[in-house]
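Chains as they are written, first to last, in our numbering: chain A, 1 to 468; chain B, 1001 to 1468.
Worth flagging that the hints you see were computed from the coordinates, not collected in a lab. There's no promise every hint is true.
[What the hints assert, rightly or not] In silico lysine-lysine, DSS-like type, Cα no more than 25 angstroms apart, as pairs: (1) K273/A <-> K1347/B; (2) K1006/B <-> K1390/B; (3) K36/A <-> K50/A; (4) K1273/B <-> K347/A; (5) K1273/B <-> K355/A; (6) K273/A <-> K1355/B.
Since we're looking at a predicted model, the values are computed, not measured.
2 protein chains.
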Amino acid sequence: MSTVVKHIRAARKAHLAQFSELLSIPSVSTDSRHAKDVRRAGDWVRRKLKQAGCTRVELHDTPRHPIVYGEWLGASGAPTILVYGHYDVQPVDPLELWDHAPFDPLVKNGRIYARGASDNKGQFLAHVNAFESHMRDNGSCPVNIKFLIEGEEEIGSPNLDSFIAENRKRLACDAVVVSDTAMFGAGIPSICYGLRGLAYLEIHVRGTDRDLHSGTFGGSVINPANALVEMLAALKNNRGRVSVPGFYDKVRRLRPAERRAFAALPHSDRRWKREVGAPQLYGEAGYSTLERIWARPTLDVNGIWGGFTGEGAKTVIPAEASAKISMRLVPDQRPKEIARKVTAHLKRIAPLSVKVTVRELHGGDAWITPTDHPAMQAAARALRRAFGRKAVMVREGGSIPIVAEFERRLKVPTVLMGLGLNDDNLHAPNEKMELNNFYRGIEASAFLMEELGNAGGDGRGSRATERR
Amino acid sequence: MSTVVKHIRAARKAHLAQFSELLSIPSVSTDSRHAKDVRRAGDWVRRKLKQAGCTRVELHDTPRHPIVYGEWLGASGAPTILVYGHYDVQPVDPLELWDHAPFDPLVKNGRIYARGASDNKGQFLAHVNAFESHMRDNGSCPVNIKFLIEGEEEIGSPNLDSFIAENRKRLACDAVVVSDTAMFGAGIPSICYGLRGLAYLEIHVRGTDRDLHSGTFGGSVINPANALVEMLAALKNNRGRVSVPGFYDKVRRLRPAERRAFAALPHSDRRWKREVGAPQLYGEAGYSTLERIWARPTLDVNGIWGGFTGEGAKTVIPAEASAKISMRLVPDQRPKEIARKVTAHLKRIAPLSVKVTVRELHGGDAWITPTDHPAMQAAARALRRAFGRKAVMVREGGSIPIVAEFERRLKVPTVLMGLGLNDDNLHAPNEKMELNNFYRGIEASAFLMEELGNAGGDGRGSRATERR
Chain A
1 MSTVVKHIRA ARKAHLAQFS ELLSIPSVST DSRHAKDVRR AGDWVRRKLK QAGCTRVELH
61 DTPRHPIVYG EWLGASGAPT ILVYGHYDVQ PVDPLELWDH APFDPLVKNG RIYARGASDN
121 KGQFLAHVNA FESHMRDNGS CPVNIKFLIE GEEEIGSPNL DSFIAENRKR LACDAVVVSD
181 TAMFGAGIPS ICYGLRGLAY LEIHVRGTDR DLHSGTFGGS VINPANALVE MLAALKNNRG
241 RVSVPGFYDK VRRLRPAERR AFAALPHSDR RWKREVGAPQ LYGEAGYSTL ERIWARPTLD
301 VNGIWGGFTG EGAKTVIPAE ASAKISMRLV PDQRPKEIAR KVTAHLKRIA PLSVKVTVRE
361 LHGGDAWITP TDHPAMQAAA RALRRAFGRK AVMVREGGSI PIVAEFERRL KVPTVLMGLG
421 LNDDNLHAPN EKMELNNFYR GIEASAFLME ELGNAGGDGR GSRATERR
Chain B
1001 MSTVVKHIRA ARKAHLAQFS ELLSIPSVST DSRHAKDVRR AGDWVRRKLK QAGCTRVELH
1061 DTPRHPIVYG EWLGASGAPT ILVYGHYDVQ PVDPLELWDH APFDPLVKNG RIYARGASDN
1121 KGQFLAHVNA FESHMRDNGS CPVNIKFLIE GEEEIGSPNL DSFIAENRKR LACDAVVVSD
1181 TAMFGAGIPS ICYGLRGLAY LEIHVRGTDR DLHSGTFGGS VINPANALVE MLAALKNNRG
1241 RVSVPGFYDK VRRLRPAERR AFAALPHSDR RWKREVGAPQ LYGEAGYSTL ERIWARPTLD
1301 VNGIWGGFTG EGAKTVIPAE ASAKISMRLV PDQRPKEIAR KVTAHLKRIA PLSVKVTVRE
1361 LHGGDAWITP TDHPAMQAAA RALRRAFGRK AVMVREGGSI PIVAEFERRL KVPTVLMGLG
1421 LNDDNLHAPN EKMELNNFYR GIEASAFLME ELGNAGGDGR GSRATERR
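Next comes chain A alone, as it looks inside the complex:
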């Protein structure tokens, strides 16, 4: 066993205590009432990077929540990796469905329960802890390292692109490493080579200028809630396909080899159904579950509201009804183009007697990368060493818009080595992270640094850079 692993195993208690401390800060980025908490979490990360051994650490202010940057560049001649993560978290509602307070971390049955545990505090901390362990063990790290930990991922990273664009030199690296995805299953280390993109819209449909009595006026005026449900229903057909003209135009078709690779993975629809607690699965006709979530676009109503929603019956025709919808996108769909097409379609199918406004809340490109890149292969070896099992190559249904940005801005590959599980309850009540994945993740990250450092020593690191 390498000495760094001994060091990592000896530090588990300290790593867990620090993880808990960060989880106790309610850094909900979408909610302006939590702005100070988000900043507090950013400051915690800044101090942690300093403590871990970064020689230059900065809290970079943005119009909303700060970006934390830290670097250690003492591995002369070795490659440089950029670790990206985010310290902000999703809202906690519906709070009443949590079994405990979401910002009072609970360790139970080998898991830690708290909002942000898996998404993304535990996952980026694994890399910080790996770096720190190398530094404590050796006084140095096998690779040069840069940390970019933002506080706005859950609101679409509105200020990260410009930060990257303005700091391309400082962020220059040979590979980006991100842990913000799920392992294919418990105990199956995984590398993700494809992500879906996102286009998120908020729709308001207004009928009259005030709420009306449904008896006095019902039948003579449009009901915007009826109009809204009709418009939303018209966005999909009964085969689970999106009916917006041109929606599928740019969708890259699945290659037969990829379909075969998906089919070879140990996926079970029965288990999937049990995991989500649904009586049956449902999706676009003609595709398997993995194909549906990894390689096909979606259209989901994420929220809908209007009229009287309290206890009892109120006979009202609401003046307005609203919805939030989002489309998960696949290569080569572009979020702006999809948002434009869906908006135009909604306006086209709206009854003349309502006023429709559509606001684009956020969007991000889908992403796909070759699996044979040296950095990907180094990550596969590191994961195998840490988890004792061959890593599988997977795609993921979620979106990490920044990954496509890294590719565009920094011209380097991104290695997505997820440490979460699909049942981690991301964006839902009772979010948790498996402590085994947290601890093994630290080891995997430390091994990756070794693997890439060794590669750098014998010149493979520079080949990796030249390759792009």
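We have chain A; now place chain B onto it with these hints.
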């Protein structure tokens, strides 16, 4: 001018002060947090009836909100009228759209603004004040009078039917008088001879057993919010008609004479459009606005909710989505039958992968009565005397389920002499009542008592009773 009118005009200040006092009690019957306020309002009515001259006054407890009963039977040989009204009110939300506090009555420009002003506190008080004025003026009233003022009208009067059934003898009368409808227009006294019924449902659609991340799972499971909008959209077609099989089976067709009578009323679509603040009117193809609201059934989404509805974007597939819908019914549709058909249709069209529950919140029969009944004609004369203009015979789109109950249980006609206006903002922010209608309404009620009392004196009252 009769002495009672002098008395009524002299008492305007006192009548307004008492009206304000009652309006300041937030008697929202649907909201259990207001249960004590509802009771307080009931108690206020009890004291008022006593003070007005009723000899027997009772607060009758029910499982929820009390029924107030009062009577004065000193007009030997004269007919008996039963005045029905309700002291409970609708909820006030959205509160932020009110220009003032809804339970702090504001008198401005000849109107009184408060929740419940027109629906129904001002309207039933007009009759109490008329009775009191006769008593103060004469020491007696031209007719025997019974008051039945409930506190559960806005939640579907769940305890009134049984009260009427158990008290048929005590409630025996020659005619029921109700002011809970609107005048056809400002200054146009109106008698309503038809009302729509109501069937009100609450629908819950459940997909998975918890909220899911729309990236990780989107495309592979049903989204209950998408399912709900599809199901609701499928309830109507694009000609404004309800698509539920059998929905129109029992609808009584409009007679040509009635369509002509509707067309002769001083209605203007342009004014109606301005009144509701809509860019265009909308309704069932082939019918005029008055036909649509008076004689055709509807299906409206009254409330809808599910998923994330806060600030910003949350990429969630909600576990559940819900809606409140209601159907306004016309003769001879029956609420139970319609509720059953709509429920069955919803379950039939629901995707297999969701669980649908439908709860019937309340219902009431539609009602229609002949316009040539002596009590109707007496009311027409009384209104003409009070307002100085011939009363028009109208129908109304709203529901007063109890009117059909009175007909069934007491075998007497109901005279609907509305004192409200369509722009009174019933069930909406900034509810108001025109003070002129309140004051003239007191006079009209006093005249109706005279007209019926005279009729009783020469035997026409008993004919009215025999007629049924």
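Hint check results:
This hinted pair checks out: K273/A and K1347/B have alpha carbons roughly 22 angstroms apart, not beyond 25 angstroms. Distance hint between K1006/B and K1390/B is fulfilled; the C-alpha atoms sit about 22 angstroms from each other, no more than 25 angstroms. For the hint pairing K36/A with K50/A, the CA-to-CA distance comes to about 21 angstroms; that is within 25 angstroms, so the pair holds. About 22 angstroms separates the Cα atoms of K1273/B and K347/A, which keeps this hinted pair within 25 angstroms; it holds.
Of the supplied pair hints, the one linking K1273/B and K355/A holds, its CA atoms being roughly 15 angstroms apart against a limit of 25 angstroms. Distance check on the hinted pair: K273/A and K1355/B sit about 15 angstroms apart at the alpha-carbon level, within 25 angstroms; holds.
Checked against the numbered hints above, the structure breaks none of them.
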